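Assemble the complex: chain A is given as a structure, and chain B must be docked to it using the hints.
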Amino acid sequence: MMTNPYTTLNVAQNASQEEIKAAYKKLAKKNHPDLNPGNKAAEAKFKEIVNAYELIGTPEARAKFDRGETEEQQFQNQRSRPSYEDTQKTSGRYSSRYHGFDEDIFSSFNFPGEDELYHLEVDFEEAALGGEKIITLPNGKKLQVKIPVGIQDGQKLKFKGQGGAGIGSGPNGDAYVQLSIRPSKQFRREGRDILSEVPVSFFEAINGAEVEVPTLHGKVKLTIPAGVSSGTKLRIKDKGIGGVKEKGHHIAVIKVVTPKDPGPELKAALAGLQERFAYNPRSEQ
Amino acid sequence: MKRLEEICIEFNIDENELKSFVREEWLIPIEDECLLFDEEDLARIELIKDLRDELDVNDEGISIILNLLDQIHALKAQIRNSRKF
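Line by line, the protein sequences give chains A and B. Here our numbering is used: the first residue of the first sequence is 1, the next is one more, and so on. Here our numbering is used: the first residue of the second sequence is 1, the next is one more, and so on.
With the rest of the complex left out, here is chain A (with noise of 0.2 angstroms):
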C-alpha cells in the first residue's frame, strides 16, 4: 500500500517544489535513523519521508506522479550498506574513544536491572499436583520453580531480584517464569475438578459395573449404576486438584461403546431383544 506523499510530507497538493523540499528537509531532520539511534518508529518514518519524496521531489517525478503513472511503483530506500548505527551494535571504533569517561559517568547512574521473562513447560499431572523444577537461566544461575498445586496455563511466578543486574546501586531486575502446561490425553481440567471419560460397553451401561479408573491420585474403583447413557457424569470425591479448603472431584464422562464389529449372531441376538424391548431416546429429549 502506498500513502499519499503529499499527507508523508504534510503539504497542500499546490505547494510549490520549494515548499516540498523544505518539509522534506525538516521531516527528514527530526526522523533521520542515526540521529535516533533505536528509535524504529523513526526509522521506519524516515523511509516513508524518503519514499514520499522521491515520488514529488522533483518536477519530473511530481507531474508523473500526479498523472498517476507512478502507482504501481513502490520506491524502496534500501541501501546496500548497514546504516551507521548497525555498525555500532558491537563495538565502534569511534564510540570506543570516548570509553575512558564511561567509569565517572555511569559511577553517578543507578538504573534498576531489566525484568526478564521465561518460558516453562510443564505436565498436565504437574500442573495439577504441584511439584518442583529446576531452571537454568541462561547466565548459568539455577532457579528452583515451586509449581503450585493447581496452577493455571500462562500463570506466572515471581522470583524478586533474579532478573538482569542493577546498574551502579541499583537493584536487580525481576525474572518471571511463565508456565504453560502440556495438555493430557486422558484428563481435562474444569477449575478445580478432573474431567475424564470412562468407556463401558452398552451391556455395562445397561446393568451397571463397577469398574477402574485413573485419576490424579491412582487409580480408582468406580461402581457404575445401571442405566448410564454416553455423557452421564459421576462423581469421585476429593480426587480432583488437591486444596486446603476446598478438594476438587474427578467426575468420570460414561462412554457407551459399541462393538466395532458387531457380526452376525449379535445382530441376530440383538434383534430379537429389539423386537421385545424398542425404546426412542428421542422422546426423552
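If you're looking for bench data, these hints aren't it; they were derived computationally from the structure. Hints are not guaranteed to be accurate.
Going by beta-carbon spacing under 8 angstroms, a handful of chain B positions derived as facing chain A [stated by the list, open to error]:
| id | residue |
| --- | --- |
| 1 | R44 |
| 2 | E46 |
| 3 | D50 |
| 4 | G61 |
| 5 | I62 |
| 6 | I64 |
| 7 | Q71 |
| 8 | I72 |
| 9 | H73 |
| 10 | K76 |
In silico BS3-like pairs for lysine-lysine, Cα to Cα no more than 27 angstroms straight-line [as the list claims (entries may be wrong)]:
| id | chain 1 | residue 1 | chain 2 | residue 2 |
| --- | --- | --- | --- | --- |
| 11 | A | K247 | A | K267 |
| 12 | A | K267 | A | K185 |
| 13 | B | K76 | A | K30 |
| 14 | A | K260 | A | K247 |
| 15 | A | K30 | B | K49 |
| 16 | B | K49 | A | K247 |
Here the structure is a predicted model, which is why all the values come from computation and not from measurement. Even glycine gets a Cβ: it sits at the ideal position worked out from N, Cα and C.
Frame of chain A; chain B shown alone:
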C-alpha cells in the same frame, strides 16, 4: 577494506573532499599512511553525506553531531556491557 580512490568512485565524491573529512577528524582511516577504510567508515561517510547533502547541516554542525553520536554509542555500549553479568 577499501582504498580512498575506490571510495571516491563508490560515493561519487572528490578525493580532496574525502581527505577533508579525514582532516576534520570526522573520519579516522584504519590505516593512516595509505588511507584505508573499513565498513564502519563507509557507513560513516554515508551518514556525513546525509547530514550535509540531505539535511543541510554545515561543517561545524557535522562535527558536533558526530561527536555527540559517538558519545551516545559509547554509552549504549557501556550499558550493553554492564548487562552482561
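Structure-based check of each hint:
A distance limit of 8 angstroms between C-beta atoms decides the matter here; for R44(B) the minimum to chain A is near 6 angstroms, and the interface restraint holds. Here the hint on E46(B) is kept, as its CB sits about 6 angstroms from the closest CB of chain A, short of 8 angstroms. A cut of 8 angstroms between beta carbons decides the hint on D50(B): the least distance to chain A is about 7 angstroms, and the hint holds. For the restraint placing G61(B) at the interface with chain A, the shortest Cβ-Cβ distance is roughly 10 angstroms, beyond the 8 angstroms limit, so the hint is violated.
Hint status for I62(B) relative to chain A: violated, with the closest Cβ pair at about 12 angstroms, above 8 angstroms. Interface hint at I64(B): violated, since its Cβ lies 12 angstroms from the closest Cβ of chain A, which is beyond the 8 angstroms cut-off. A distance limit of 8 angstroms between C-beta atoms decides the matter here; for Q71(B) the minimum to chain A is near 5 angstroms, and the interface restraint holds. Hint status for I72(B) relative to chain A: holds, with the closest Cβ pair at about 6 angstroms, below 8 angstroms.
Given the 8 angstroms rule on beta carbons, the hint for H73(B) holds: about 4 angstroms separates it from the nearest Cβ of chain A. Because the smallest distance between the Cβ of K76(B) and any Cβ of chain A comes to about 7 angstroms, under 8 angstroms, the interface hint for this residue holds. As the CA atoms of K247(A) and K267(A) are separated by approximately 46 angstroms, the hinted pair breaks the 27 angstroms bound. Under the criterion of a C-alpha separation no larger than 27 angstroms, the hint pairing K267(A) with K185(A) is inconsistent with the structure, at around 33 angstroms.
The straight-line distance between the Cα atoms of K76(B) and K30(A) is roughly 21 angstroms, inside the 27 angstroms bound, and the hint therefore holds. The hinted pair formed by K260(A) and K247(A) fails the criterion: a straight-line CA distance of about 38 angstroms is larger than 27 angstroms. With a C-alpha separation of about 16 angstroms, the suggested pairing of K30(A) with K49(B) holds against the 27 angstroms cut-off. The hinted pair formed by K49(B) and K247(A) fails the criterion: a straight-line CA distance of about 72 angstroms is larger than 27 angstroms.
Hint compliance for this structure: hints 4, 5, 6, 11, 12, 14 and 16 are not met, and every other hint is.
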